[in-house]
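K.L.:
Spelled out, the chains give:
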Amino acid sequence: MVATVNKIIPFSVVDGPGNRTAIFLQGCNMNCLYCHNPETRAKCIHCGACACSCPTGALSFENNLIHYDPTKCVNCDTCIRACPHGSSPKSTDMTADEVWHAVQKQIPFIRGITVSGGECTLYPEFLTELFTLAQSHGLSTLIDSNGTLDFEHCPDLLAVTDGVMLDIKAFDSEEHKRVTGRDNRIVLKNACFLAREGKLYEVRTVVSPGLFDAERTIIQTAGMLSPYLSVRPIRYKLISYRPMGVRTQYANTLQIPTSDQMNYYAELLTAKGFKDIIIT
Amino acid sequence: MRDISMQRVNETRDKILDIIKSPTLTHEQKVASMANAADSLLEVLDLPEGLDELMNVPLDRKCICDLNEGHAPLRPRYIIPDYAKLIKEGCKFLQLQPPTDLYEALNCLLIFYKHVPSVTNFPVYLGQLDTLLEPFVQEVDDATAKKLLRGFLLHVERTILDSFSHANIGPKPTRAGRLLMEVEAELEHEVPNLTLKYEEGVTDDDFAILAIKTALRAAKPSFANHRMFVQELGEDYVIASCYNGLPLGGGSYTLCRLILGNIAKRAGGIEDFKSNQLPYVMDIMARYMDTRVRFEVEESGFFENNFLAREGFIHRERFTAMFGLVGLAECVNILLEKEGRPGRFGHDEYATKLGESIIKQINDFNEQHQSPYCEVTGGHYLLHAQVGLSDDQNISPGTRIPIGEEPDEMIDHLLVLNHFHKYFPSGTGDIFPIDVTVHQNPEYVLDIVKGSFRKELRYLSFYGKNSDVIRITGYLVKRSEIEKLMKGQNVIHDTTALGMGAVINGKVLERKVR
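From first to last, the protein sequence lines are chains E and X.
Its first residue numbered 1, the first sequence is counted upward by one per residue in this note's numbering.
Its first residue numbered 1, the second sequence is counted upward by one per residue in this note's numbering.
Hints are computed from structural coordinates only; laboratory data are not their basis.
Just so you know, not all the hints are guaranteed correct.
If we take Cβ atoms under 8 Å as the criterion, some of the chain E residues that face chain X in the derived model are [what the hints assert, rightly or not]:
| hint | residue |
| --- | --- |
| 1 | Pro-10 |
| 2 | Val-13 |
| 3 | Pro-17 |
| 4 | Gly-18 |
| 5 | Asn-19 |
| 6 | Lys-105 |
| 7 | Gln-106 |
| 8 | Pro-108 |
| 9 | Phe-109 |
| 10 | Ile-110 |
| 11 | Arg-111 |
| 12 | Tyr-228 |
| 13 | Val-246 |
Glycine is no exception: its CB is placed at the ideal position from the N, C-alpha and C atoms.
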């Protein structure tokens, strides 16, 4: 199976426990206002608009296709700013075998892999194939997801997935639509299902005051999940909104929470029995 | 003793007067420098022909360096006393009884440290502190133990005025080891250097994670590949000075180093380097080391008269010496340039292979050369990847990739190191400043240590990129102390001056953060 890969980070410290290779897939079915890597949202349509923007000549446009030469790229992100479609010319279609080959180089320095995005569950068969390879070589497998794929209907994928890091961007459906453009019924269903199955490794909520009622989301999410903490401990990651990478039209309107606010939310979680709480 | 010119005598007298008048040297630093100046007037060693034009020349042409050991070595460079014997039996010369509690044990060690010589005049090894102290900490609660350890470590840092002073812990987790690390994390001291002997499956993860958390604050402990050192040196090995693996109850007579980049400058190309220049310089350095060793053993009287040897804290038969080298990166780059080949050390498979073939050639030479009085290491010296001197310019430590040229990805960096660490039982190591995000995921560092040690890497050090105390090359210095020295103020540790030189000449603050 093939997936469009935005990038592979050989050693990642922030995508799950220990040292992991993180694979970012291209394409997302949500439109979160605070998305900090909006260039991973859409697939490249080979319009050619970015080609002449590249200051180092790493991009060329021939036969109606964009060609990317990573050896010339200096990661200045000019092409990403030039893209009119919220995409990146630097993504590559790769098979699960090809991605696995790129992961193998990091063995034995990593304990696992994490697939993120974009929204990686847009490629469930690819994930199943990649995770089967990873697990058979002793690596743990984590999915970083917005929760729009109904995991209950994907037993093959779940069987080779050690855990899911799930975004709960708002508990209330209307608020969720305002933040992401989509309803969250499946997201919440997934949260309970994964928690019951012992596959919910982490829940995360991005906090931006005024965008949605973070206190209510955190209390309701914690209330919903606290019965499952005995199945497997669930980490709750509270993420302060940061403007870095965010599209300028939204970055100007979104607020950054204070550390007091974040600590208050952490206390709410502690009161509901969560022990592993991270504020970033 | 050979005569010397009156001109040299007068130059040395001027130098001594400069030392006396120095506004930045402390009293202890002046006394040590004056002793070195006096020693430089002696000419007693039987020097090999050709040494002078390889050693006593300007820095950019120097091929052999004896690291300021002096002209008439009065003691071995690195001395590794058996402190367990002290704890068990006391010391006759110092009139110390075996300690009976933690207070007495710490006091006993502090007294003994003041009588352990070395090239720096301070002890380069302070003992396997966890196992030495474990029986004594059992009798006190955590708070009392930590109060006593805090006082002990404060005493060490303010009286052992040189950070080439190394304590060891591990590989097994102990309460004493845990308490020591907790106190070190709190104190953030430059002295002592500290190594955790680590072995996966023996050192448990909790203990290793505590070590990583401590290192992110205090730049110590470093991690030594215990399994590898035991295979090479046996169970009774220690890590001393920078990161030097040496036999317990012995040490190293001497350490000289090849400056590989300058040897490459003499060569027409790779072939000339390997067939002529390198063998010529290695032979002279080995014979120079032989001479130094013989003087120490046969003439200095150290082993007959010093109480450490007389009472059996050290044994002459447990000594060896270290055959050092620096600047492999520059050597490889110069040779590639002379051959008209593209590529740089650290970034190119051909460069890595060339580098490894050079180290292998040095290793083969050393295994052929019969070294006097090195029974403990099979009659041969031990290879050592030396960390550099403060005035080294364009000379990278040992086999390290130059600062500023590290590969973008840490995996590529580690896979280059993997070719070199195995050749250096008496020490090599690499250093990684670590990003603050790791504080929330110290297992990240542990995974890298585990993977590295499975891949035969030998020694790794980490420090938090924003910490005050940082690892310079193989020793610790506080940035705040360097700043004081830069303003012309006195600083307590002699190594701060070395750190300042390394920051200016070696770009130490510009290491790639991982």
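K.L.:
Each hint needs a verdict: does it hold in this structure or not?
P.N.:
We went through each hint and held it up to the structure:
{"no.": "1", "hint": "Pro-10", "in the structure": "5 Å, holds"}
{"no.": "2", "hint": "Val-13", "in the structure": "4 Å, holds"}
{"no.": "3", "hint": "Pro-17", "in the structure": "6 Å, holds"}
{"no.": "4", "hint": "Gly-18", "in the structure": "4 Å, holds"}
{"no.": "5", "hint": "Asn-19", "in the structure": "4 Å, holds"}
{"no.": "6", "hint": "Lys-105", "in the structure": "6 Å, holds"}
{"no.": "7", "hint": "Gln-106", "in the structure": "5 Å, holds"}
{"no.": "8", "hint": "Pro-108", "in the structure": "4 Å, holds"}
{"no.": "9", "hint": "Phe-109", "in the structure": "3 Å, holds"}
{"no.": "10", "hint": "Ile-110", "in the structure": "6 Å, holds"}
{"no.": "11", "hint": "Arg-111", "in the structure": "5 Å, holds"}
{"no.": "12", "hint": "Tyr-228", "in the structure": "23 Å, violated"}
{"no.": "13", "hint": "Val-246", "in the structure": "19 Å, violated"}
In summary, the numbered hints that this structure violates are 12 and 13.
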